Amino acid sequence: MSRLATAALVVALAGSAAAQQAPPPKGAAGDADVDLIPDAALQSAAPGAPAAPARTSVPPLRGSVEAAAQALGWRSDPVLRAPGQDDPRTRLRTSLDLRAEGTLAPGLRGVLAHRFDLVLSEGQAVDDEHLQGSLREAYLSYRLAPDLHLDLGRVNQKDGAALGFNPADAFKANAVKVRVSEDPSVLRDARLGTVMLRGQALWDGGAIAALYAPRLDDGRGPPESLSLSPGLDRTNRQHRGQLKASQRLAQDLQPEVIVTFAEQESPRFGLSLTRAFGDAVVGYAEWSGGRRRGLVAQALREGERRRDLPPGTRPLVPSDTGEAVRSQAAIGLSLTTGFKLTMNAEYHFNEGGLTRSDWRRWVEAARASPLANGQFWLLRRFAGEGLEPVVRDSLFLRASWQEAFLRDLDLAALARINVYDGSAFAQVEAAYYLTGATTLTLTGNANFGHRTSELGTLRQHGSVQVKLTQHF
Amino acid sequence: MHESEAMRPVPSPFAILALAFLAAFPAAAAAQARSAQEILAASDAIRNPGQPFGLTVMLAEFRSGAPGQTMALKVYSKEETGSGQYRSLLQFVEPQRDQGKLMMKTGNVLWFHDPGAGSTIRISPQQRLLGQASNGDVVTVNLAKDYSAILAGEEAVTDADRQKRDCWKLELKATSDSVTYWRVEYWVDKATDRPVKGRFYSETDRLLKTAFYRGYELQLGRDRPTETIIIDGIDTALVTRMKFSAYAYRDVPESWFQKDSLGRFRPE
Chain A
1 MSRLATAALV
11 VALAGSAAAQ
21 QAPPPKGAAG
31 DADVDLIPDA
41 ALQSAAPGAP
51 AAPARTSVPP
61 LRGSVEAAAQ
71 ALGWRSDPVL
81 RAPGQDDPRT
91 RLRTSLDLRA
101 EGTLAPGLRG
111 VLAHRFDLVL
121 SEGQAVDDEH
131 LQGSLREAYL
141 SYRLAPDLHL
151 DLGRVNQKDG
161 AALGFNPADA
171 FKANAVKVRV
181 SEDPSVLRDA
191 RLGTVMLRGQ
201 ALWDGGAIAA
211 LYAPRLDDGR
221 GPPESLSLSP
231 GLDRTNRQHR
241 GQLKASQRLA
251 QDLQPEVIVT
261 FAEQESPRFG
271 LSLTRAFGDA
281 VVGYAEWSGG
291 RRRGLVAQAL
301 REGERRRDLP
311 PGTRPLVPSD
321 TGEAVRSQAA
331 IGLSLTTGFK
341 LTMNAEYHFN
351 EGGLTRSDWR
361 RWVEAARASP
371 LANGQFWLLR
381 RFAGEGLEPV
391 VRDSLFLRAS
401 WQEAFLRDLD
411 LAALARINVY
421 DGSAFAQVEA
431 AYYLTGATTL
441 TLTGNANFGH
451 RTSELGTLRQ
461 HGSVQVKLTQ
471 HF
Chain B
473 MHESEAMRPV
483 PSPFAILALA
493 FLAAFPAAAA
503 AQARSAQEIL
513 AASDAIRNPG
523 QPFGLTVMLA
533 EFRSGAPGQT
543 MALKVYSKEE
553 TGSGQYRSLL
563 QFVEPQRDQG
573 KLMMKTGNVL
583 WFHDPGAGST
593 IRISPQQRLL
603 GQASNGDVVT
613 VNLAKDYSAI
623 LAGEEAVTDA
633 DRQKRDCWKL
643 ELKATSDSVT
653 YWRVEYWVDK
663 ATDRPVKGRF
673 YSETDRLLKT
683 AFYRGYELQL
693 GRDRPTETII
703 IDGIDTALVT
713 RMKFSAYAYR
723 DVPESWFQKD
733 SLGRFRPE
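From first to last, the protein sequence lines are chains A and B. Sequential numbering from 1 applies to the first sequence in our numbering. Sequential numbering from 473 applies to the second sequence in our numbering.
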């Protein structure tokens, strides 16, 4: 059908379009700009015009279903090996993610977010043991006044501005039940909330919040990782309280100050701020500090708590086990180009983590002694579950490119780099949007580095995953 | 949530939405451009509801004439006391993968919130989450602060419905380094003061977008354009239609416009 005929048809079908006159055929306008407008764009009822979006408001129940298949590669001759580690060549996962929220009564809202993951490694049969439930949020929110709110239940409070490491986030440790990715920002999003009572007041340019999170499970014993349990042993193993406040001091300066109290621990102070530099750059920084033990001492204490280690276990590598004021920090920049490429670069500092020489000594000890090897992997697990770097200094890089080559294709890459030994975890990902509700994702990752390096000592060499996500 | 979605740039709808408002506000005209200031102000009054308001935006893309993606957004906006900048909250209704996500903008401060992940991320004005095309344009909508206007002449310009309109042609020049569009050509109907067309240029004087305003209907007390057609200046085969509906004056509290409030956003 010629454009002329199409235009005529559009006009004929449009007929009664209110307050709009029938457009003359293309080319008659004598304006090159107007001639670029397709006829279908001028009349929504035209044949071939896209359907109007089906919704005009966000539904109270929404979620997604995922199916993923992963192939894993393993080093055949690792220098060190984590106790009890399997090395499946394939892994299948299907997940159901649900979120419901709505008004239950005037001023009272309910929020429920739950995720189910069925993860089967090579050779495993479908079994209850492999079905894992993550109750991420379940809380009631009552509005005492227009800008005064009270929340009760499991709330997912996430603080901090960085992507790869959030020192200011007091509720991140142990809260990831199922590691569906090694991307720190994905893990941050996938974690469990903490049961708490929280009050928050908001005003123009500021907010203050106070919360209390009770101890509901002392966490003694192994975590209930493979079950449908709510995982309170992960999120509510201490009585904790927190005060948080922010105030806009200038147009683009609104720092957030956080003080967290936990039983048997010294108060921990946090600070987070962001600032734009021009049109394309955002800088961000967060810090936390307080008296605490170093990573090794904390990890051994956690091992004793879980009864993986006998009480009074001493580190087999000389380490600073005393309390001292220790800081954690993340400083980063994001830069967005005109062709939709956004790059983030972050420096992560964990004062309680292992130094270059600490790392060398631990690797040597672990190679020489099974007991030291056990402690070595225990402290690595502790850092991983705490979502904090195992070493003192590290870098995190991320790039995401929207509409890369194709309109519905996104590409992303990230790297977490140990600055001491140059080892790195790297991941690349391609996401293709089949429809507005369906996404096909291909992900590949690998650990690079010398056999005695942080990432080079990991048994897993890399993996490739294909995933289909259907949103509803 | 999909791994990469949280970092997807805001769709061209945001860019286009910005364009839809872009010429809507009074320019801080230079002294010699007083008449341009008055014309632009009259045109602004047609586009600008003048009070805090909400509306629904339906977007449809066309590539080489063929229909493409659609999107629905709810927009809540108000003018900031003092600065005159517009502050806006955008909630995604469609596509499904993005529903419920929020973007908040006040001045050059932009935050993106994903309620499913519970995460809130600071983004730059150039960066956009969730989306399709964007030239990294501003969401800044208050031209009075960022542009000066002069009267460039009178022209008979063809509107989107291919009708000739006798227009004032205004030239807007950026007075702030923070804007993406450094120069704007803007045509206003001489008889009605309605905006008809705008062309938006980069710092290097490259045409980024062309906007046509149409579908004038009675909304919030006067005739306002209910459609904007955007032609991408770089990829001219890409055309986006924005339809505005459900205009309503509404309370838009100042406390909405900060990071901590996004998790509590309840528009109704």
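Everything labelled a hint here was simulated from the structure, so no lab data went into it. Small disclaimer: the values here were computed from a predicted structure and weren't measured. In this text, a Cβ means the ideal position worked out from N, Cα and C, and glycines have one as well. Among the hints, a few may not be true.
[To be verified] Just the calculated beta-carbon pair ranges, DEER-fashion:
hint: 1; chain 1: A; residue 1: 406; chain 2: B; residue 2: 678; range: 21 to 29 Å
hint: 2; chain 1: B; residue 1: 628; chain 2: A; residue 2: 408; range: 36 to 44 Å
hint: 3; chain 1: A; residue 1: 130; chain 2: B; residue 2: 540; range: 35 to 43 Å
[Said to hold, decoys possible] Among chain A residues calculated to face chain B with C-beta under 10 Å, some are:
hint: 4; residue: 59
hint: 5; residue: 70
hint: 6; residue: 136
Now for the hints, and whether the structure bears them out:
1. A:406 - B:678: 21 to 29 Å: 23 Å Cβ-Cβ, so the 21 to 29 Å window holds.
2. B:628 - A:408: 36 to 44 Å: 40 Å, holds
3. A:130 - B:540: 35 to 43 Å: 41 Å, holds
4. 59: 7 Å, holds
5. 70: Violated, about 14 Å.
6. 136: 8 Å, holds
Of the numbered hints stated above, the single one contradicted by the structure is hint 5.
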